[in-house]
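All chains should be modelled from the sequences, with the hints used to inform the complete structure.
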Amino acid sequence: CCEQAFVCAEPQVFSGHTSGIRHVLFFRDDTHLVSCADDRTLRVWDISSGKVRDKQGNETQKLDFNTIPSSLEVSRDGTTLTVTHGNIVSFWDAFR
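So the sequence shown is numbered by the numbering used here: it starts at 353 and just counts up by one.
If you are wondering where the hints come from, they were derived from the structure by calculation, not from laboratory data. All figures in this text were calculated on a predicted structure; none of them were measured in a lab. Certain hints may be false.
What follows is a list of derived Cβ distance ranges for each label pair [stated by the list, open to error]: (1) N439 <-> Q364: 34 to 40 Å; (2) N418 <-> A361: 37 to 43 Å; (3) T383 <-> D416: 21 to 27 Å.
Backbone N, C-alpha and C fix where the C-beta goes; we use that ideal spot for every residue, glycine too.
Written out as structure tokens, the structure is:
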């Protein structure tokens, strides 16, 4: 799509969630973004490919929750995701 993640002639589309998206955050290195949605999933996306991938380029599975994720944060070093869902706060390896 483009050389820089934020400047595209055509919009880059990331599809996979099956319900409304609640939050999207970019990692500080601008190579990945994370999203959570009403479908009770969280996904880490490779910006260059638009696929759910890990740092090594392998396709990864989405994280499923019993309740809808209500917020998320990415740690400064990009290795940990903090997700709130229901009355729970969870910490996840961003590229497990």
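So, going through the hints one by one against the coordinates:
no.: 1; hint: N439 <-> Q364: 34 to 40 Å; in the structure: holds, 35 Å
no.: 2; hint: N418 <-> A361: 37 to 43 Å; in the structure: holds, 41 Å
no.: 3; hint: T383 <-> D416: 21 to 27 Å; in the structure: holds, 24 Å
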